[in-house]
Amino acid sequence: DGGITQSPKYLFRKEGQNVTLSCEQNLNHDAMYWYRQDPGQGLRLIYYSQIVNDFQKGDIAEGYSVSREKKESFPLTVTSAQKNPTAFYLCASSQQGMNTEAFFGQGTRLTVV
Amino acid sequence: GDSVTQMEGPVTLSEEAFLTINCTYTATGYPSLFWYVQYPGEGLQLLLKATKADDKGSNKGFEATYRKETTSFHLEKGSVQVSDSAVYFCALGSNTGTASKLTFGTGTRLQVTL
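Protein sequence lines, in the order shown, are assigned to chains A and B. For the first sequence, my numbering gives the first residue as 1, with consecutive numbering after it. For the second sequence, my numbering gives the first residue as 1, with consecutive numbering after it.
Simulated from the structure, these hints should not be mistaken for laboratory data. Bear in mind that the values here come from a model prediction, so they are computed numbers and not experimental data. A few of these clues could be false.
Said to hold, decoys possible - Here are some, though not all, of the chain B residues that point toward chain A, as calculated from beta-carbon distances under 10 Å: (1) 16; (2) 17; (3) 18; (4) 22; (5) 36; (6) 46; (7) 61; (8) 89; (9) 100; (10) 106; (11) 107; (12) 110; (13) 113.
Said to hold, decoys possible - Keeping only pairs whose Cα atoms sit at most 20 Å apart, straight-line, the calculated DMTMM-like set for lysine to aspartate or glutamate is: (14) 9(A) - 38(A); (15) 9(A) - 54(B); (16) 56(B) - 101(A); (17) 60(B) - 101(A).
Stated by the list, open to error - These stretches of chain A come out as covered by chain B in the derived footprint (C-beta under 8 Å, 3 or more residues): (18) 13-23; (19) 63-75; (20) 78-86.
Where is the CB? At the ideal position from N, CA and C, for every residue including glycine.
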């Protein structure tokens, strides 16, 4: 089945450690996105990528990094510079163009202790 | 910049009641508009969309009309069910140079009771 897969579903890390969240899609979509979801704040865009080897900062990129070495993969690293990393992270993909539907993964809940 | 404003929840309704969730937006140009739904512990799913003014999106009994004059995209359903309980997000799609992105509202939680 085609879709977008995030792993792991739950992730616990100690404060000060970097952690990488996985996002893979087999929909042959060009565009991929990372969002952060906090209670009462909706979804905020962290990074997005329209093509392999290229990506742009979203609204809250500080403390995060990404790579786009393959079309199907867009991993997100939460670095120790992120002041409040505990959140629900959602990855999405879409065909090019603002009219097209975005498909979301099931999310990764990151808890930093 | 682009922004989406949704009515705050939670919205609590009895089964078979009429639902309206308000959504207004601010954007340059001519964005596309979407409603997404999120069930507990899951990602978002597209519910409906409209790509130009006066378009009506519809799916599973839900409807929303793209009103350019009032910059609104209100979600409606004539008779809600318990299974409609979820969080609903209004979003707009826009171009930023060579890229396109979605901007989301804060979400509205709907709880439907028997």
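Hints versus structure:
{"no.": "1", "hint": "16", "verdict": "violated, 29 Å"}
{"no.": "2", "hint": "17", "verdict": "violated, 24 Å"}
{"no.": "3", "hint": "18", "verdict": "violated, 25 Å"}
{"no.": "4", "hint": "22", "verdict": "violated, 15 Å"}
{"no.": "5", "hint": "36", "verdict": "holds, 8 Å"}
{"no.": "6", "hint": "46", "verdict": "holds, 5 Å"}
{"no.": "7", "hint": "61", "verdict": "violated, 19 Å"}
{"no.": "8", "hint": "89", "verdict": "holds, 7 Å"}
{"no.": "9", "hint": "100", "verdict": "holds, 4 Å"}
{"no.": "10", "hint": "106", "verdict": "holds, 4 Å"}
{"no.": "11", "hint": "107", "verdict": "holds, 5 Å"}
{"no.": "12", "hint": "110", "verdict": "violated, 15 Å"}
{"no.": "13", "hint": "113", "verdict": "violated, 22 Å"}
{"no.": "14", "hint": "9(A) - 38(A)", "verdict": "holds, 16 Å"}
{"no.": "15", "hint": "9(A) - 54(B)", "verdict": "violated, 40 Å"}
{"no.": "16", "hint": "56(B) - 101(A)", "verdict": "holds, 16 Å"}
{"no.": "17", "hint": "60(B) - 101(A)", "verdict": "holds, 17 Å"}
{"no.": "18", "hint": "13-23", "verdict": "violated (count 0)"}
{"no.": "19", "hint": "63-75", "verdict": "violated (count 0)"}
{"no.": "20", "hint": "78-86", "verdict": "violated (count 0)"}
Against the hints set out earlier in the document, violations occur for numbers 1, 2, 3, 4, 7, 12, 13, 15, 18, 19, 20.
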